[in-house]
Amino acid sequence: DAGITQSPRHKVTETGTPVTLRCHQTENHRYMYWYRQDPGHGLRLIHYSYGVKDTDKGEVSDGYSVSRSKTEDFLLTLESATSSQTSVYFCAIREAVGTDTQYFGPGTRLTVL
Amino acid sequence: GENVEQHPSTLSVQEGDSAVIKCTYSDSASNYFPWYKQELGKGPQLIIDIRSNVGEKKDQRIAVTLNKTAKHFSLHITETQPEDSAVYFCAASKNSGNQFYFGTGTSLTVIP
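Chains as they are written, first to last, in the working numbering: chain A, 827 to 939; chain B, 266 to 377.
Do not rely on the hints blindly, as some may be mistaken.
30 angstroms max Cα-Cα, derived DSS-like pairs, lysine-lysine [what the hints assert, rightly or not]:
| id | chain 1 | residue 1 | chain 2 | residue 2 |
| --- | --- | --- | --- | --- |
| 1 | A | Lys-883 | B | Lys-323 |
| 2 | A | Lys-879 | B | Lys-359 |
| 3 | A | Lys-896 | A | Lys-883 |
| 4 | A | Lys-883 | B | Lys-336 |
| 5 | B | Lys-322 | B | Lys-307 |
| 6 | B | Lys-307 | B | Lys-359 |
| 7 | B | Lys-336 | B | Lys-322 |
| 8 | A | Lys-896 | B | Lys-307 |
| 9 | B | Lys-302 | B | Lys-336 |
| 10 | B | Lys-302 | B | Lys-287 |
| 11 | B | Lys-359 | A | Lys-896 |
| 12 | B | Lys-323 | B | Lys-287 |
| 13 | B | Lys-359 | A | Lys-883 |
| 14 | A | Lys-879 | B | Lys-307 |
| 15 | A | Lys-837 | B | Lys-302 |
| 16 | B | Lys-359 | B | Lys-322 |
| 17 | B | Lys-287 | B | Lys-336 |
| 18 | A | Lys-883 | B | Lys-333 |
| 19 | B | Lys-307 | A | Lys-837 |
| 20 | A | Lys-883 | B | Lys-302 |
| 21 | A | Lys-883 | B | Lys-287 |
| 22 | B | Lys-323 | B | Lys-333 |
A few chain B residues that don't get close to chain A, going by computed Cβ distances all over 12 angstroms [said to hold, decoys possible]:
| id | residue |
| --- | --- |
| 23 | Pro-299 |
| 24 | Lys-336 |
| 25 | His-337 |
| 26 | Ser-350 |
To be clear, the hints were calculated from the coordinates, so they are not data collected in a lab. Ideal placement from N, C-alpha and C gives every residue a C-beta, glycine not left out.
Using the sequences and the hints given, assemble the complete structure.
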């Protein structure tokens, strides 16, 4: 999985609780992404980062926030989890401008009860 | 924004036969089209990609074709093997952009 780890790999939580997912890369790539994968929707971009402390929204960003304080770590936070955020979350990385390819991590399965 | 449609959603083939998965896109500015293979419980893995200045690209048993005029691209897998069974996703993006738009996936089953 291209030097990408995600933690935790599985999590069950209750509605209204905060949740933080972590993506860690060893490739020193500049760009990092968070996607969610749901049946019938493919993968949809939540947020992305183009450098330390530089982030931007994707198409399904409502209810999520992100932070990147180090090149290697990109955190996704659900401030108050809802059942609609039950999904599989994938992190991806991309090397630099001029290279299009994104490489994906193994995913985190989140269940919100 | 871009809209990527993928067909079929499920596909079963006999081992040794060919499999074809098709995607259409709506934004004529899209210029990068990757294909990903996802096995159960794993993240998507890039298997082949094509840029808009190329009409076809081949890598052993896998090929991708692109028709810019019609705004569609296809994945072709020849001599299928049971290990090709997985979910395949197409995607489109533009200008080394950060927004990839994915199709909804095709579940391919290769029957031994």
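To see whether the hints hold, each was checked on the structure:
{"no.": "1", "hint": "A:Lys-883 to B:Lys-323", "in the structure": "violated, 35 angstroms"}
{"no.": "2", "hint": "A:Lys-879 to B:Lys-359", "in the structure": "holds, 24 angstroms"}
{"no.": "3", "hint": "A:Lys-896 to A:Lys-883", "in the structure": "holds, 19 angstroms"}
{"no.": "4", "hint": "A:Lys-883 to B:Lys-336", "in the structure": "holds, 27 angstroms"}
{"no.": "5", "hint": "B:Lys-322 to B:Lys-307", "in the structure": "holds, 26 angstroms"}
{"no.": "6", "hint": "B:Lys-307 to B:Lys-359", "in the structure": "holds, 26 angstroms"}
{"no.": "7", "hint": "B:Lys-336 to B:Lys-322", "in the structure": "holds, 16 angstroms"}
{"no.": "8", "hint": "A:Lys-896 to B:Lys-307", "in the structure": "holds, 25 angstroms"}
{"no.": "9", "hint": "B:Lys-302 to B:Lys-336", "in the structure": "holds, 22 angstroms"}
{"no.": "10", "hint": "B:Lys-302 to B:Lys-287", "in the structure": "holds, 14 angstroms"}
{"no.": "11", "hint": "B:Lys-359 to A:Lys-896", "in the structure": "holds, 27 angstroms"}
{"no.": "12", "hint": "B:Lys-323 to B:Lys-287", "in the structure": "holds, 16 angstroms"}
{"no.": "13", "hint": "B:Lys-359 to A:Lys-883", "in the structure": "holds, 17 angstroms"}
{"no.": "14", "hint": "A:Lys-879 to B:Lys-307", "in the structure": "holds, 29 angstroms"}
{"no.": "15", "hint": "A:Lys-837 to B:Lys-302", "in the structure": "holds, 25 angstroms"}
{"no.": "16", "hint": "B:Lys-359 to B:Lys-322", "in the structure": "holds, 19 angstroms"}
{"no.": "17", "hint": "B:Lys-287 to B:Lys-336", "in the structure": "holds, 11 angstroms"}
{"no.": "18", "hint": "A:Lys-883 to B:Lys-333", "in the structure": "holds, 29 angstroms"}
{"no.": "19", "hint": "B:Lys-307 to A:Lys-837", "in the structure": "holds, 16 angstroms"}
{"no.": "20", "hint": "A:Lys-883 to B:Lys-302", "in the structure": "holds, 26 angstroms"}
{"no.": "21", "hint": "A:Lys-883 to B:Lys-287", "in the structure": "holds, 29 angstroms"}
{"no.": "22", "hint": "B:Lys-323 to B:Lys-333", "in the structure": "holds, 18 angstroms"}
{"no.": "23", "hint": "Pro-299", "in the structure": "violated, 7 angstroms"}
{"no.": "24", "hint": "Lys-336", "in the structure": "holds, 18 angstroms"}
{"no.": "25", "hint": "His-337", "in the structure": "holds, 17 angstroms"}
{"no.": "26", "hint": "Ser-350", "in the structure": "holds, 18 angstroms"}
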